[in-house]
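Asker: This is what each chain is made of:
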Amino acid sequence: MDNLRLPYWALCTALALAVTFVVRDPYLASIVNLISIAALVAVSLRFVMLIGELNFATAAFMGLGAYAAGAATTILHWPFALALVFGGVVAAAISIVFGYITLRTRGPYFLLIGFAFTEAVRILYSKSMALGGTSGMVGIFPPVGFDAWMPSLIMAVAAVLIFALYVLERSDFGKILTAIRDNENVARTVGLNILLCKVACFAIASFAAGIAGGLHAFANNVISPGDFSFLVAAFALAYVKVGGEDNIVGPLVGTILLVTLGSFALGLGGQEHIFYGAAIILAVLLLPDGITGLARRGYQRLAARKGH
Amino acid sequence: MSIATKARLYGFGASLGLLVAFGGAQAQETIKLGLSVPLSGAAALWGKGSEFMCNTAAEEINKAGGVKVGDKTYDFKCIAYDNKYNAAEGTKVAQTLLNRDGVKFIGGSLGTAPVQALQSLSERQGVLLFTTAWGPSIKGPKFPLTFTQMSTPFEILPPLIRYVHKANPDAKTVVLLNPNDATGQDTEAVAKKVWTETGVKILSSDFYERGTTEFQPIAARIASLKPEIVDLGTMPPADAGTVLRELDVLGWKGVKVVEVGTGVDALKVTGGKAIEDVYMGAAVIFDGPGVSDHQKAVNAKARELLHESLNSIQIGFYDSVYAIKAGIEKAQSIGPKKVGAVMPQVKFTTFYGGQIGFHGKDTYGSNQQMELPVIITQVKDGKLVELSRISASTN
Amino acid sequence: MHTAIQLILTSLQIGAVYILFSLGLTLIFGVMRIVNFAHGHLFAISALVVAYTVPLLAGWNLPALPAYLLGVVAAVAVTLVLGFLMYVFGFRYFQRDMVGSFILSIGLVLLLDGVFLKVFGGAVRPVPEILPGTVTILGAPVTAQRLALCVAAVIITALLYWAMTRTKLGKALRAVSIDHEAAMLQGVPYGRIAFAGFMIASALAALAGALIAPVTIVSPAIGADYLIKGFIAVIVGGLGSVPGAILGGLFVAAIETVGGFYFDATSATIAIFLLVIVVLLVRPKGLLGHG
Numbered sequence: 001m002d003n004l005r006l007p008y009w010a011l012c013t014a015l016a017l018a019v020t021f022v023v024r025d026p027y028l029a030s031i032v033n034l035i036s037i038a039a040l041v042a043v044s045l046r047f048v049m050l051i052g053e054l055n056f057a058t059a060a061f062m063g064l065g066a067y068a069a070g071a072a073t074t075i076l077h078w079p080f081a082l083a084l085v086f087g088g089v090v091a092a093a094i095s096i097v098f099g100y101i102t103l104r105t106r107g108p109y110f111l112l113i114g115f116a117f118t119e120a121v122r123i124l125y126s127k128s129m130a131l132g133g134t135s136g137m138v139g140i141f142p143p144v145g146f147d148a149w150m151p152s153l154i155m156a157v158a159a160v161l162i163f164a165l166y167v168l169e170r171s172d173f174g175k176i177l178t179a180i181r182d183n184e185n186v187a188r189t190v191g192l193n194i195l196l197c198k199v200a201c202f203a204i205a206s207f208a209a210g211i212a213g214g215l216h217a218f219a220n221n222v223i224s225p226g227d228f229s230f231l232v233a234a235f236a237l238a239y240v241k242v243g244g245e246d247n248i249v250g251p252l253v254g255t256i257l258l259v260t261l262g263s264f265a266l267g268l269g270g271q272e273h274i275f276y277g278a279a280i281i282l283a284v285l286l287l288p289d290g291i292t293g294l295a296r297r298g299y300q301r302l303a304a305r306k307g308h
Numbered sequence: 001m002s003i004a005t006k007a008r009l010y011g012f013g014a015s016l017g018l019l020v021a022f023g024g025a026q027a028q029e030t031i032k033l034g035l036s037v038p039l040s041g042a043a044a045l046w047g048k049g050s051e052f053m054c055n056t057a058a059e060e061i062n063k064a065g066g067v068k069v070g071d072k073t074y075d076f077k078c079i080a081y082d083n084k085y086n087a088a089e090g091t092k093v094a095q096t097l098l099n100r101d102g103v104k105f106i107g108g109s110l111g112t113a114p115v116q117a118l119q120s121l122s123e124r125q126g127v128l129l130f131t132t133a134w135g136p137s138i139k140g141p142k143f144p145l146t147f148t149q150m151s152t153p154f155e156i157l158p159p160l161i162r163y164v165h166k167a168n169p170d171a172k173t174v175v176l177l178n179p180n181d182a183t184g185q186d187t188e189a190v191a192k193k194v195w196t197e198t199g200v201k202i203l204s205s206d207f208y209e210r211g212t213t214e215f216q217p218i219a220a221r222i223a224s225l226k227p228e229i230v231d232l233g234t235m236p237p238a239d240a241g242t243v244l245r246e247l248d249v250l251g252w253k254g255v256k257v258v259e260v261g262t263g264v265d266a267l268k269v270t271g272g273k274a275i276e277d278v279y280m281g282a283a284v285i286f287d288g289p290g291v292s293d294h295q296k297a298v299n300a301k302a303r304e305l306l307h308e309s310l311n312s313i314q315i316g317f318y319d320s321v322y323a324i325k326a327g328i329e330k331a332q333s334i335g336p337k338k339v340g341a342v343m344p345q346v347k348f349t350t351f352y353g354g355q356i357g358f359h360g361k362d363t364y365g366s367n368q369q370m371e372l373p374v375i376i377t378q379v380k381d382g383k384l385v386e387l388s389r390i391s392a393s394t395n
Numbered sequence: 001m002h003t004a005i006q007l008i009l010t011s012l013q014i015g016a017v018y019i020l021f022s023l024g025l026t027l028i029f030g031v032m033r034i035v036n037f038a039h040g041h042l043f044a045i046s047a048l049v050v051a052y053t054v055p056l057l058a059g060w061n062l063p064a065l066p067a068y069l070l071g072v073v074a075a076v077a078v079t080l081v082l083g084f085l086m087y088v089f090g091f092r093y094f095q096r097d098m099v100g101s102f103i104l105s106i107g108l109v110l111l112l113d114g115v116f117l118k119v120f121g122g123a124v125r126p127v128p129e130i131l132p133g134t135v136t137i138l139g140a141p142v143t144a145q146r147l148a149l150c151v152a153a154v155i156i157t158a159l160l161y162w163a164m165t166r167t168k169l170g171k172a173l174r175a176v177s178i179d180h181e182a183a184m185l186q187g188v189p190y191g192r193i194a195f196a197g198f199m200i201a202s203a204l205a206a207l208a209g210a211l212i213a214p215v216t217i218v219s220p221a222i223g224a225d226y227l228i229k230g231f232i233a234v235i236v237g238g239l240g241s242v243p244g245a246i247l248g249g250l251f252v253a254a255i256e257t258v259g260g261f262y263f264d265a266t267s268a269t270i271a272i273f274l275l276v277i278v279v280l281l282v283r284p285k286g287l288l289g290h291g
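Protein chains in written order, with the working numbering: chain A, 1 to 308; chain B, 1 to 395; chain C, 1 to 291.
In short, the hints are calculated from the structure, not lab data.
Here the structure is a predicted model, which means the values were calculated and not measured.
We treat Cβ as the ideally placed atom computed from N, Cα and C, and that holds for glycine.
A portion of the hints provided could be inaccurate.
Calculated Cβ distances over 12 Å to all of chain A for the following chain B residues [what the hints assert, rightly or not]:
{"id": "1", "residue": "N62"}
{"id": "2", "residue": "D75"}
{"id": "3", "residue": "K226"}
{"id": "4", "residue": "G251"}
{"id": "5", "residue": "S366"}
{"id": "6", "residue": "D381"}
Simulated pairs of lysine-lysine, BS3-like, Cα-Cα distance not exceeding 25 Å [said to hold, decoys possible]:
{"id": "7", "chain 1": "B", "residue 1": "K273", "chain 2": "B", "residue 2": "K226"}
{"id": "8", "chain 1": "B", "residue 1": "K77", "chain 2": "B", "residue 2": "K338"}
{"id": "9", "chain 1": "B", "residue 1": "K253", "chain 2": "B", "residue 2": "K268"}
{"id": "10", "chain 1": "C", "residue 1": "K118", "chain 2": "B", "residue 2": "K77"}
{"id": "11", "chain 1": "B", "residue 1": "K201", "chain 2": "A", "residue 2": "K127"}
{"id": "12", "chain 1": "C", "residue 1": "K118", "chain 2": "B", "residue 2": "K301"}
{"id": "13", "chain 1": "B", "residue 1": "K201", "chain 2": "B", "residue 2": "K301"}
{"id": "14", "chain 1": "B", "residue 1": "K268", "chain 2": "C", "residue 2": "K118"}
{"id": "15", "chain 1": "B", "residue 1": "K253", "chain 2": "B", "residue 2": "K383"}
{"id": "16", "chain 1": "B", "residue 1": "K253", "chain 2": "A", "residue 2": "K127"}
{"id": "17", "chain 1": "B", "residue 1": "K192", "chain 2": "A", "residue 2": "K127"}
{"id": "18", "chain 1": "B", "residue 1": "K166", "chain 2": "B", "residue 2": "K301"}
{"id": "19", "chain 1": "B", "residue 1": "K296", "chain 2": "B", "residue 2": "K72"}
With the rest of the complex left out, here is chain A (with noise of 0.2 Å):
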């Protein structure tokens, strides 16, 4: 195992955390609830990336963890962090028998079939009174001595997950997915068990994934059907590919960057979309690599030129 760069990520996440613990505006604590878990869903998102597909069902994943956290609290009174970890081994079970029909299937055909799965889960939640129905879940607060934490909280539970799944990435583990998606049928000659590696992959990431739901859900304290559609990995793929997805700070900045600017657009009313459409827009036309590439790049022409 190479460098992970421990200093800079001990660095960030405490001053991260830092700013959590002074910042006690509740609007901005809403918005830093709002990056951490959409951080995590972005990372979770790239780390299927890493063996070449496009996971859309993260935002089933992201809902099924959300719903059963939700549950556990409201239905079967478990302590809140029982719950919260529930919710993102429910999601990884389902995804491991999701991803062993579905990753026999590659490229568009698996994008596809996520976001079929996605729109199911989503009606069959509308469908159930028991979570809800349409009109969603209610009451899922985490303990009242947390309430004034959440924000500090939520985002060492994301810091936590991001970290572990960059140590995966970097680890021989991590080179073996990405080996999958530069040939599979040279890392199939080597002896590997593709199928089971690919959803080890996938189920590793869906636990991520359902862990940011159950944060949603507690963040939010109510969850809806419709909080769950495709278009969260949809914005989740817009923070990874305009932060820059070659490197997982990408999706970081990413998030912070379009979260952000969501959060303006939200007083455009109606023109939010048209606002929304044309950042992501511009930003892939603009910078194909990302934020993070952009940066990259600026930064080795300023050494080339300090070199010579």
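Given the structure of chain A, go ahead and fit chains B and C onto it with the hints provided.
Answerer: Relative to the frame of chain A, chains B and C by itself:
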């Protein structure tokens, strides 16, 4: 009168004038009315009309001298954000309204999921909430600051269904169809109960996904069940019109009810002649002798903006503004908790004409429901005709 | 028996539009290897233009049918312009880049959602009845408009099929969709073929939108419902395959009709999604997919 007295009198008058002038300068103070409504997607028009109605009421009040608390006057200002009809966006809107814009009064909110998200924040922060959402689960003594700004199935359905039954005593079977959303699910539960109590047999009760554009299979199913009544519950007018047209093609004839049908425009667009004789429980009539000039003028302006007549959902956003004004003036405070405490006792002028208050203790456990009349209408020669108006007190 | 005929007829009527819609999707995918989520908006703008121009022309005392035909011409023209803009300023840079093109199309979806709402308003648009009357086929009633729609769809599909198998452009399109590198080695100008494919797909969306406008609910949100079903149709049939799109379109329409008849509409929607997964279990490339 001595000069000194005169001077004193003038002085008093002048200072009074100054005070008034000072007070006048303070009339700039505004009370923000937050709105959480869909401004995009299929329900965008409802949201836009709601924003329009809030603005209309606010402008009228501001022009007429604003809201008076002691010797202070306040202006109203409406701020609307897009809740996209889901809880996640509803939470964002709630955070933005309550915690960024510092809104203390929600002038109106639309969509059960986003309203639940808003309510979980507003009740905790002591913010007054007006809503069109219907579910009994969000009302009652547990939510002292939540008020409902339009009639719900609990008010509309019993008188409507009883009326339809009396007018068509031979019709003994019904098929229900509703969109698979919160309002559809709530309404279906009430409708099932009331139809059964009235002695009408329910052959089937179906749901469809919102956003559906093909209604042929649904119509074929309904026609094959051969009901004497078709009840299209809370279907949006355009969808209901399509179903009625497809049923007409299939040769089905019977009693047509769109319980929470809000208008005839979109219904006619898709339904054509097939909408003849439809009964509706939430439609508003804008032509005929009983309509005031004010109603006509506001509706004409709305039509320019929306290309559609106003419906009872949107009108709720007008009434709530007047209710908030009445509440603030009665409480003589702009504190939402104080206003909420007096709200059940206030009387205000509704858009429909006349003074109304709040009721609903029997159904919800607290008087938080606007005491609006239920207007039963029917389509005759492509136009809406009022059949019966049942005031809330006799309901 | 009567029920069976009714169901088959309904499936065919619904399927006709799904087929036109999916043909466009499958063509774009075949040639450019992109997944275009903004395809529904090409369809929507066409329906909206028809809904706008026909009442306008009817107001000038033009009879319904000529007014409608002029409306269709206008709709196809506007849609082609939008398609052209999408290609030249967007998709041209994302050929064979599924992820990039997909995000671009999501951006377009959001942008156009907002623009359509602003330009056309959210109100449902009326289109006057073009062909009044009802026809009875084997005891099952069908409106003349629906019948005309089906006939038009069959003609368009047949024309496309003929063009794909007989003309030079069609052969080039097919060659590119099977192996674009080999096709280029054979001297097929890839850029021009991709552009042609995209424009033909746009025209198909425009025709589908213009045809459905008189019989459905025309609002800016109309594209979303067809987009989801269109994609399911092409996954089932096999991405890039023209016969597959036809088969898939009919498949979705049949499940929607039969499921909606015997259960309810919501259950039918779920059934469609589940059956897709089943189909892919058996044939991961769709029923008629290749490559």
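Asker: So, for every hint listed, does it hold in this structure?
Answerer: Structure-based check of all given hints:
| no. | hint | verdict |
| --- | --- | --- |
| 1 | N62 | 21 Å, holds |
| 2 | D75 | 20 Å, holds |
| 3 | K226 | 27 Å, holds |
| 4 | G251 | 32 Å, holds |
| 5 | S366 | 19 Å, holds |
| 6 | D381 | 36 Å, holds |
| 7 | B:K273 with B:K226 | 21 Å, holds |
| 8 | B:K77 with B:K338 | 20 Å, holds |
| 9 | B:K253 with B:K268 | 18 Å, holds |
| 10 | C:K118 with B:K77 | 23 Å, holds |
| 11 | B:K201 with A:K127 | 24 Å, holds |
| 12 | C:K118 with B:K301 | 18 Å, holds |
| 13 | B:K201 with B:K301 | 44 Å, violated |
| 14 | B:K268 with C:K118 | 23 Å, holds |
| 15 | B:K253 with B:K383 | 20 Å, holds |
| 16 | B:K253 with A:K127 | 31 Å, violated |
| 17 | B:K192 with A:K127 | 17 Å, holds |
| 18 | B:K166 with B:K301 | 38 Å, violated |
| 19 | B:K296 with B:K72 | 33 Å, violated |
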